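2 protein chains.
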Amino acid sequence: MALESVAERRGSTLVFHRPPAVAAFAAVGGKKESEGPLGSGFDLTDPDTTFGEASWEKSEVRMQTLCAERCLKKAALPQDKLDLVFAGDLQAQCTASGYALRTLGAPMAGLYGACSTMAEGLALAGCFCAAGYTRHALAMSSSHFCAAERQFRFPLDYGGKRTPTSQWTATAAGSVLVEPEGTGPFIRAVTFGRVTDFAIKDINNMGAAMAPAAADTLLRFFADTGTGPADYDRIFTGDLGQVGSTLLAALCEKQGLKLPNHSDCGLLLFDQKAQNTGAGGSGAGCSAAVLAAHILPGLRTGAYDKVLFMATGALMSTTTFQQKESIPGIAHLVCLSAREKG
Amino acid sequence: MALESVAERRGSTLVFHRPPAVAAFAAVGGKKESEGPLGSGFDLTDPDTTFGEASWEKSEVRMQTLCAERCLKKAALPQDKLDLVFAGDLQAQCTASGYALRTLGAPMAGLYGACSTMAEGLALAGCFCAAGYTRHALAMSSSHFCAAERQFRFPLDYGGKRTPTSQWTATAAGSVLVEPEGTGPFIRAVTFGRVTDFAIKDINNMGAAMAPAAADTLLRFFADTGTGPADYDRIFTGDLGQVGSTLLAALCEKQGLKLPNHSDCGLLLFDQKAQNTGAGGSGAGCSAAVLAAHILPGLRTGAYDKVLFMATGALMSTTTFQQKESIPGIAHLVCLSAREKG
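Those protein sequences? They're chains U and W, same order as listed. When we follow our numbering, the leftmost residue of the first sequence carries the number 413, and every step to the right adds one. When we follow our numbering, the leftmost residue of the second sequence carries the number 413, and every step to the right adds one.
This is chain U alone, in the form it adopts within the complex (with noise of 0.2 Å):
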């Protein structure tokens, strides 16, 4: 029956027969995220960051929503054809999410991952269009650094001073529809992350609560599929920042691995010293973002041909800081590369 119609399962890592084809996907940002190296790779952005709303949090729904639209209309798809999205994001209860889904009307399914989201929506709409479950999945994911703020940190009109370890909460949103086949690019294989805590508790430093994570996903990945970091272009985490950076090739050089060839999309979408982002940028639509404006455009034009996407996030709440809990992380990786073999 189906297992070996559809992928192969190697230790924890799946590997699909026939890889599952990404049609479309488009990236939607804030006034700062057009200003950043990956600017012209945007969509869409919006110079006051409101989205023409009167609330941060509708902002980020309305970003959303223009994200899936937008992604649609590359496919020239019409909404009634979705046939399942996989979407979530920092907001309490996925509110951001919820409510875009309510405009779009498609079936969904909800996820949290924090800023693992992208990845894990990725894997699933990955799974289900390869698996014939659906014919058009899309996986999304946002993030508003003024909804973040106030709910994870302080209000911004409070004016609260950043450690130098905080990462900037992006203000983006991607989109990325998923078919059964197609020309490209392609889903490989995936690898869903394990919740790995290393007792961090600061809050301003979620680089290093994420590390331990990306570490454990990317070493399995390479034992199950019996690779390592010189078989693909590039490995993309995000959002580990400078500080989750060099954590994480520290903990892999540990295990005998040296990382040559690694990028954080919290360090390419923002110019850390220019834009006073600290260590670098964050939330569930920094890697959303960076995979359609970056990744996906560079394996479309021969930058790259095969990569490693690793989004991670940290499971932690307000509440759960309060109450002195560490932070765990989870990494969702997903592989994916310019042609369907090879």
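Certain hints may be false.
Which copy is meant is left open, because identical chains are indistinguishable; a pair holds if it fits in one copy or across any two.
No farther apart than 25 Å at their CA atoms in a straight line, the calculated lysine to any residue pairs in the SDA-like style are these [what the hints assert, rightly or not]:
{"no.": "1", "residue 1": "736", "residue 2": "564"}
{"no.": "2", "residue 1": "493", "residue 2": "422"}
{"no.": "3", "residue 1": "670", "residue 2": "566"}
{"no.": "4", "residue 1": "573", "residue 2": "488"}
{"no.": "5", "residue 1": "493", "residue 2": "637"}
{"no.": "6", "residue 1": "613", "residue 2": "733"}
{"no.": "7", "residue 1": "736", "residue 2": "565"}
{"no.": "8", "residue 1": "493", "residue 2": "635"}
{"no.": "9", "residue 1": "736", "residue 2": "566"}
{"no.": "10", "residue 1": "736", "residue 2": "570"}
{"no.": "11", "residue 1": "493", "residue 2": "420"}
{"no.": "12", "residue 1": "736", "residue 2": "567"}
{"no.": "13", "residue 1": "670", "residue 2": "452"}
{"no.": "14", "residue 1": "736", "residue 2": "561"}
{"no.": "15", "residue 1": "736", "residue 2": "616"}
{"no.": "16", "residue 1": "736", "residue 2": "460"}
{"no.": "17", "residue 1": "736", "residue 2": "562"}
{"no.": "18", "residue 1": "493", "residue 2": "638"}
{"no.": "19", "residue 1": "753", "residue 2": "417"}
{"no.": "20", "residue 1": "493", "residue 2": "667"}
{"no.": "21", "residue 1": "670", "residue 2": "467"}
{"no.": "22", "residue 1": "493", "residue 2": "421"}
{"no.": "23", "residue 1": "718", "residue 2": "665"}
{"no.": "24", "residue 1": "753", "residue 2": "517"}
{"no.": "25", "residue 1": "485", "residue 2": "713"}
{"no.": "26", "residue 1": "443", "residue 2": "673"}
{"no.": "27", "residue 1": "573", "residue 2": "658"}
Don't read these hints as lab results, they were simulated from the structure. As the structure is a computational prediction, the values presented were derived from the model and not from experiment.
Could you slot chain W onto chain U? The hints should help.
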């Protein structure tokens, strides 16, 4: 390739050719749940509802962990054999599940579907097992009255008055282990829900907010499969409560459909009058526990042959409520049967 070998897609419903099987299930609850009509169906209940923890949020983590452990024990499956866990809950950023998975150690796909989470997770676990992606997939969800009250409404100490339409969040967790084959019960078909909003703004009347989503999913499922209420021994919703159940009946009757065999998990878990639970039980753990303490046992003993399990969720947060947004609902449906065919 895959599509026809794994499932038939009828409209937005997936009907499995070789239905995945429920290998084991477990329900864990609090004191009030142990005193309700389904009390004897629980695998474990805690007499003081703290589960030995110092905060209600930690109690929920412990309850969910215990529930997963019981479920795996009943299947004699070591934790490290779990391929993937689909889990979510009501706490902001789904921390009950994230922290429970920190202990369990298995790969996790985090979900957010509010009180619909158990059906969403069971549907995804079914899809993953039917496609052979996972040999052992766990679906689980939970809620804790005391954690939910202080998050969504008032801290218990405030002693807030409850309205007659308000529901009582269950202190309960349910876990279901799904495998590609077995002796059953079997997951025959799944329908993912659409976000539906009838402009209900009363946070104390979530049954009304969710009823339109339940009607939408149920009517789509019947249309997709060419079946009707008479083809099922019972149609379980969760958790519409008294108000939502009445509305669901009215909405279906408008479409010419009577539901003489409808039961709501929120009305099964508690004795409304004797236990003073308002319009009935609710919470992501309510339908999860009723599934594991009543529905699945009923399919094993022969009390039921074929049923629909349709969990409903209200996708608001305290932020959207304070911003005077209406409450969107969602309902995911899973068709379960004692037999693999027929």
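If you test the structure against every hint from before, which numbers come out violated? As far as the earlier hints go, 3, 4, 13, 21, 24 and 26 are violated by this structure, in ascending order.
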